[in-house]
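Line by line, the protein sequences are chains D and Z.
Quick note: the first sequence, position 187, residue 187 per the numbering used here, numbers continuous.
One rule links them: number in the numbering used here = place in the second sequence (from 1) + 379.
If you are wondering where the hints come from, they were derived from the structure by calculation, not from laboratory data.
Check before you lean on any hint, since a few could be wrong.
Here are some chain Z residues the structure puts well away from chain D; computed CB gaps all over 12 angstroms [unchecked claim]: (1) Arg-398; (2) Gln-408; (3) Arg-419; (4) Arg-421; (5) Lys-462; (6) Ser-472; (7) Tyr-483; (8) Pro-492; (9) Thr-493; (10) Gln-501; (11) Phe-506; (12) Pro-531; (13) Lys-533; (14) Pro-536.
Only pairs whose alpha carbons sit at most 27 angstroms apart, straight line, appear in this in silico BS3-like list of lysine-lysine [to be verified]: (15) Lys-403(Z) x Lys-33(D); (16) Lys-413(Z) x Lys-403(Z); (17) Lys-12(D) x Lys-65(D); (18) Lys-413(Z) x Lys-33(D).
Which residues of chain Z face chain D? A few of them, derived with a C-beta cut under 7 angstroms, are [stated by the list, open to error]: (19) Pro-385; (20) Val-386; (21) Ile-387; (22) Leu-393; (23) Thr-396; (24) Thr-399; (25) Met-400; (26) Glu-402; (27) Pro-404; (28) Val-405; (29) Pro-410; (30) Gln-412.
In this text the structure is predicted, and so the values were computed from the model without any measurement.
Where is the CB? At the ideal position from N, CA and C, for every residue including glycine.
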Amino acid sequence: MDFALILEWLIKGFILVLVLLGGFAYLTLYERKALARIQARIGPNRAGPWGLLQPIADAIKLVFKEELMPARADKLLFLLAPVITLVPALVITAVVPWGPPLRLFGREISLYIADVNVGVLYIMSVASIAVYGVVLAGWSSNNKYAMMGGLRSTAQMISYEIALGLTFVGAILLADSARMTEIVDAQRSVWFVLLQPAGTAIFLIATLAEVNRAPFDMPEAEQELTAGYHTEYSGMKFALLFMAEYDKMIAISCIGATLFFGGYREFPFLANTIFSVDQTPWLGPVYIFLKVFVLLFGMIWVRATFPRIRYDRLMAFGWKILLPLSLVLIFITATGILLSQKYGLGYYYWGIPLGSLLAGLIAIGMVDRTLRRKEYARA
Amino acid sequence: MRVLEPVIELGRGLWTTLRTMFEKPVTIQYPEQKRPVKPRFRGRHVLKRYENGLEKCIGCALCAAACPADAIFVESSENTDEKRYSPGDRYASTYEINMLRCIYCGFCEDACPTEAIVLGDQYELSFTDRRQAIYPKEMLIEALPTNGQPTPQKTRPGEFTRSVPAMKDPQD
Chain D
1 MDFALILEWL IKGFILVLVL LGGFAYLTLY ERKALARIQA RIGPNRAGPW
51 GLLQPIADAI KLVFKEELMP ARADKLLFLL APVITLVPAL VITAVVPWGP
101 PLRLFGREIS LYIADVNVGV LYIMSVASIA VYGVVLAGWS SNNKYAMMGG
151 LRSTAQMISY EIALGLTFVG AILLADSARM TEIVDAQRSV WFVLLQPAGT
201 AIFLIATLAE VNRAPFDMPE AEQELTAGYH TEYSGMKFAL LFMAEYDKMI
251 AISCIGATLF FGGYREFPFL ANTIFSVDQT PWLGPVYIFL KVFVLLFGMI
301 WVRATFPRIR YDRLMAFGWK ILLPLSLVLI FITATGILLS QKYGLGYYYW
351 GIPLGSLLAG LIAIGMVDRT LRRKEYARA
Chain Z
380 MRVLEPVIEL GRGLWTTLRT MFEKPVTIQY PEQKRPVKPR FRGRHVLKRY
430 ENGLEKCIGC ALCAAACPAD AIFVESSENT DEKRYSPGDR YASTYEINML
480 RCIYCGFCED ACPTEAIVLG DQYELSFTDR RQAIYPKEML IEALPTNGQP
530 TPQKTRPGEF TRSVPAMKDP QD
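Just chain D, same shape as in the assembly:
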């Protein structure tokens, strides 16, 4: 534990926080631009070239806005809630590796903050802390809409966290490790999205619910709950909640990219070329950035496309479809791995994906059947 090591950690942590905060600012711009393009508009283009200074203008606006606190609000929790929401979103990315070890100044520098041997578990536990912030924000505001928003989001996040956690198990089984770096290394030849397509689909759906994004943005349903748990927040406190929301998007995209889309590794067809991270290590951050960028676009795209779904259906979908499906997928993955150990790799590369797709199809079929029966009952 020499001084240089502490310095290295400090610098890496500082860079990560800066990237997340800057990333938040520019993610808002990215979202507004992409939404605008989807709606055949241009989007922000006044502040600076192509609207690049828009986030700065927004930040200045938020800093100078009046901070309001509702009468009879729980002052301590009201102040603390944005912090409790934001901090997990920032620290969750500590275990995400953004590149292979670099050699700089004669030192081996690893491109992650912490290499926790139960990295995936760490993500799950930290992610669930963010729920406290949301429900406390709703409760301490002394406002019935905020309260209901907070309650809804807690129920929703807890329900979907189970399905989300079970898809993580699929990735852990495939990589034979819960360490993020080893999960990335296990995807050297084939990404887990190809081995476990239905699991990835569940992950992508559950993350939308987990970060309260459309079409699962029930906690913020404007039409019913004004703005949900952040109704009473203004100024910088609102900015913190907003920041937490977008940093959670970034963090969850990083995790998705790491668990299912090869992390910082190159595309498999680029292996053993100059573009592989083994030969040019600094491409690692570039690749993970690209993957996160695409995943974020997916979130924005879904937001622009689908209307909000009803709350009871959201719950039914989480508990009756996603949860059993993810359990079945774990079973399929584990069986495939056992069979491949006994009868060869064919079961690994073909058995697991086909079984996963089949399970997904059956789940879709059951949704379809339920919807048709409801339609028939209504007619």
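Starting from the known structure of chain D, arrange chain Z on it as the hints suggest.
Chain Z in isolation, oriented as in the chain D frame:
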């Protein structure tokens, strides 16, 4: 394939939004680019003049009577041949419209016997205090036409006795 129908429906939605991404934006960059207004657009009022520069408004206050929002205030005074503002006996010495009250219904236009008040094309009205919202006659009146004389004019006696001119049917 029937089983896949929910997914195909979702995919069709996603495809629709993705396709619009590559369409030309419909945005008009407003302060720089402005769309022309429609022919019957009802914007800010303009008080018209005759070709010789005399004001069409005769101060009859029918517009004020017709105004449902009570936004118009008219005060009339006598014309003389020495100081003539409009044809006929009287002219509007004060003509004020409160732009905060006005609802741009166009009833004043309909009520006007001389077609003096017209709702124009100007729609960029802004003010920073309530006083500025009251537009006086100087702001409403049209600029002098070419080879028109400014009012008050000195005119020959008996030339402008008729206050309401002969009218054509409205064109548009």
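Hints, one by one, checked against the model:
1. Arg-398: violated, 9 angstroms
2. Gln-408: Its Cβ does come within 12 angstroms of chain D, the nearest being 8 angstroms, so this is violated.
3. Arg-419: Non-interface label on Arg-419(Z) holds, nearest chain D Cβ at 28 angstroms vs cutoff 12 angstroms.
4. Arg-421: holds, 28 angstroms
5. Lys-462: Its Cβ never comes within 12 angstroms of chain D, the nearest being 51 angstroms, so this holds.
6. Ser-472: holds, 45 angstroms
7. Tyr-483: holds, 28 angstroms
8. Pro-492: Non-interface label stands for Pro-492(Z): nearest chain D Cβ at 47 angstroms, farther than 12 angstroms.
9. Thr-493: holds, 45 angstroms
10. Gln-501: Answer for Gln-501(Z): holds, closest chain D Cβ roughly 24 angstroms.
11. Phe-506: Fine: 23 angstroms to the nearest Cβ keeps Phe-506(Z) off the interface.
12. Pro-531: holds, 48 angstroms
13. Lys-533: holds, 54 angstroms
14. Pro-536: Answer for Pro-536(Z): holds, closest chain D Cβ roughly 61 angstroms.
15. Lys-403(Z) x Lys-33(D): Cα-Cα ~14 angstroms, so holds.
16. Lys-413(Z) x Lys-403(Z): holds, 18 angstroms
17. Lys-12(D) x Lys-65(D): violated, 33 angstroms
18. Lys-413(Z) x Lys-33(D): holds, 23 angstroms
19. Pro-385: holds, 5 angstroms
20. Val-386: With a closest approach of 6 angstroms, the Val-386(Z) hint holds.
21. Ile-387: violated, 10 angstroms
22. Leu-393: holds, 5 angstroms
23. Thr-396: OK, holds: Thr-396(Z) within 7 angstroms of chain D, min 5 angstroms.
24. Thr-399: Given a least distance of 5 angstroms, the restraint on Thr-399(Z) holds.
25. Met-400: holds, 5 angstroms
26. Glu-402: holds, 5 angstroms
27. Pro-404: holds, 5 angstroms
28. Val-405: holds, 5 angstroms
29. Pro-410: Violated, about 10 angstroms.
30. Gln-412: With Cβ-Cβ at 12 angstroms, over 7 angstroms, it is violated.
Hint compliance for this structure: hints 1, 2, 17, 21, 29, 30 are not met, and every other hint is.
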